[in-house]
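Q: Chains as they are written, first to last, in this note's numbering: chain A, 1 to 894; chain B, 895 to 1016.
Hints in this document: simulated from the structure, not taken from any laboratory.
Careful, some of the hints might be misleading.
Derived, one-sided and incomplete: chain A residues facing chain B with beta-carbon distance under 10 Å [as the list claims (entries may be wrong)]: (1) F19; (2) S675; (3) I694; (4) D869.
Residues from chain A that face chain B, not an exhaustive set, calculated with beta carbons under 10 Å [unchecked claim]: (5) N532; (6) Q676; (7) A690; (8) F691; (9) E698.
Using N, Cα and C, we set each Cβ at its ideal position, and we do this for glycine too.
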Amino acid sequence: MISFNLLIVVSLMYVVFLFLVAFAAERRAAQGKTSWVRSSVIYTLSLSIYCTAWTFYGAVGYAARSGLEFVTIYLGPTLVMIGWWWLVRKLVRIGRTQRLTSIADLISSRYGKSPVLGVMVTVLAIVGTTPYIALQLQSVTQSIAVFAASSDEMWLPGDLNRAAMWVAVGLAVFTVLFGTRNLDAHERHHGIVLAIAVEAVVKLCALLAVGIFVVWGIAGGVGATLELIDASAQSQWSPSPSRWIGLIFVSGAAFVCLPRMFQVLVVENSDEQSLSTASWAFPTYLMLMSLFVVPIAVVGLDLMPESANPDLFVVTVPISEGRQGLAILAFLGGFSSATSMVIVATLSLATMVSNHIIVPSWLNARTPGAVVSGDVRQVVIMSRRVSISVILALGYVYFRVSGGGTALASIGLVSFIGVVQVFPAMIGGVFWRGANRWGAGAGLIVGFSVWLWTNFLPSFGIDAVISQAVFLGGPFGIGWLRPEALFGISGTDPFVHALFWSIFLNTSAFIFVSILTFPNPLERLQGAQFVNVFDYSSGARTWLQSAAQAEDLLVMSQRILGGAEALSIFATEARSQGKTGFQPDVTPDFIGRLERELSGSVGAATAHAMIGQLTEGTIVSVDDLIAVADETAQIMEYSSRLEAKSAEANSTARALREANEKLTALSIQKDAFLSQISHELRTPMTSIRAFSDILRDEDVENVARKRFAGIIHEQSNRLTRLLDDLLDLGVLESGQVQLNIGQDILADVLDRAVIASGVNTGKLAIARRAGNETVNVHTDLDRLAQVFINLISNAAKYCANDVPKLRIIVRQFAGQTIIDFCDNGAGIPSESQSMIFEKFSRLEDEGKAGGAGLGLAICRQIMGALGGDITYLPGQGGAAFRVTLPAAQVLVLQ
Amino acid sequence: MGQRVLLIEDEPNIIEAISYILTKDGWTVHTHSDGETAMSKVMQRVPDLIILDVMLPGKSGYDILRELRAQAETKDVPVMMLTARGQSKDREMATSLGATQFMTKPFSNAEVLKSVRALAGL
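Let's have the full structure, built from the sequences with the hints guiding it.
A: So this is what it looks like as structure tokens:
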């Protein structure tokens, strides 16, 4: 009888030990001492998370059921590590140069940083991995149950579930603690890697210890064991070639596609050299792990009762033999296998979920342009922690729902086929430039769907998700869609059937869609970076033997670097070669240096291509051209941004210049106005001053005195009028004029204006047509009369006809009232017509008439205020002005 | 005395006032009110003194002054400029063009007389 409590205590101590190991590794890493944590031995051991509880417990069960077939699960990775090391090396190199964080990142990044593909792979990985996590929980609880059954304590099924839950919680805590301590740019986790390396040692030791005990302790040596095997049913087992090939393929592909394997193989890899060690050390590890599987299975079947679960022989055989210590060691081995897998799988899934689903959604949900620097870190860490918990919860729920009924190995295979759906897109992306996102997406969707239908859903059992009717007759009676006999091909092994169809249809969709569609430029560029990763990243693009002429290179360099700098580079090189002048021998070394100099100015790809053109025998590759195009695009984008900026600056400068011109013009206008005012005021003032001086100082005869006094009087009036006009204009121009709206017949307004202008006593004859003037006007009648008076007075003053005559013609047109004032004088010269409404624009030869040149300016302001207009009418013989009163003044002015 | 003064001015009242003062003082005053034809008047018989308004119809007082100074016969004739635009830049302009005297309107009669006498060297 084994003390159940002892098992619990030992397990807890082991867990504490793992925490301490992880903690110590993190501490050392924080101090920069990562060398031994990152050694190739640790790297190889970390790869052992491939061997999960499925391998530890399940392989024995597998061997007990299907003989040597379990070996295929080890053969796949072995073949990959030995025969396909160049694939692994390429993945590692790509992972490092592209800073990939997960398998989803690899696919998304390769296919033009497609977010959709990232999400698809993430979802696929979660669906494929959740059963696997459930499997680990199941194996741990089952092994605990075995101990419980052999002890005195009562152990109910509910306790089993609780144990599974506590295991899940513990794993979540461990993963959160060491997986999300900080955000490392490379997503490397020293503590976790060291802990799983320790667990790798523990599980190997445990399995070897049980194996040795079985062979030498129970069976009685190698010979006896072999005899036992020969006698057993397992030796009679005949392999099915299709299953073998399928299993080797699926395990090999899963080895590079599983999220957790990608994590340790690529993401956690810090040194490519570790791969060369791992390429032999890891297969050796797998070999040791599988060494005693068959003996344990055979001896277990021989020893244990018929009802015993072969999956648990590793634990039950030592227990039944009373080897308490060995049993606990075996339990710890299984525990290690399960926990290390769950920790890394959860961590890698959480990274994918956070990087491809949560953070992008969060960023999208934010208002664009918001500052996101500070809190992104917190969001990422929180989303990782939540994701870890949710993924473990999912695993636990799956464990509870599936009820732990299915054999361990078959859950593992279902998972493998699901995850392997990424394989075509991955291999195509790494080796085939033509692969594009449409192809990858199509392949993933097709493969994933076929896997769901033929493998994942049926794995729950008949009538669980898919009814028996559908199994036998297909969905909706469509026979060729039967889950286990697609296209009517029945009779094959369900595993081979699901694997073949999912991968075949996946790959076909991937290839055909890739061929039929076109990649975008970023995808093309990423494709080149992935497929030719060794060319791009090694920095080994050297020029072997070059026939380029130093002179050509000099000319080109001068064009790029500028004359003086290019000359100095060439002169220095020539001097170091012991030559004088500027033409050194064109050595590969020199060309390499020159390329680096040039790339500082024009970008690496352009520099390479330019030198390539000048060095004979070197062909500028398509990749180079693509890289050049990309650089050029960036430069063009940059320069168009600059152009936009300079256009902006130009328009600002133009606006400033215009404002300045306006201000200058205003200032000039102001000066001219003041000068005019000064002139208009000083001129009458001069007369007044001069004649008043004369009257004061001289004895002037009576007639002259009267005349001089008259001049003084007249000039004072002129001054007063001028001041009135100026004030009037000031009010009108400021727009603060008070309109005094009234209503009258137009004829009356004209009558008053004629009288007020005093022309009745003068020579000017006025011709009107009374009939047309009976128009109602509704406006400021005094202001309108002021305009009329001005026009009539102007005609009286300036009409140079011997028989001066002014015609006033009133018309109605389109609702407007039009009043024309035409005299029979000489008119206004056409070059002056545009200026007469400006201030002080009195025509020079009419200056004696006594006006200051403000009258028409005032008229224009008044008509503007009344909502009408005043214009000069050319071609009327004499001077002609048109006053227009607006339509519906009632509405406008009220 | 009997010296000849030519007054080129367009405002009739000012012509009358200045003529009255100078005639009373014993000068012979000729007047002309149009800038365009003033030069021909000057060249008919060069006066001893010219009183010239800046703002004239046709041609400005500055233009006439420039022409006077360009002709051998008139380049030494004293010129007194009159302006109603009392800005300092007008004074600078007149001086730079060779005006002998510059006077801003309105002026006192005594001022005019004094200046005319001084310019005639009396």
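Q: Take the hints in turn and mark each one as holding or not.
A: Here is how each hint holds up against the structure:
no., hint, result
1, F19, "violated, 94 Å"
2, S675, "holds, 5 Å"
3, I694, "holds, 6 Å"
4, D869, "violated, 31 Å"
5, N532, "violated, 78 Å"
6, Q676, "holds, 8 Å"
7, A690, "holds, 3 Å"
8, F691, "holds, 6 Å"
9, E698, "holds, 7 Å"
Against the hints set out earlier in the document, violations occur for numbers 1, 4, 5.
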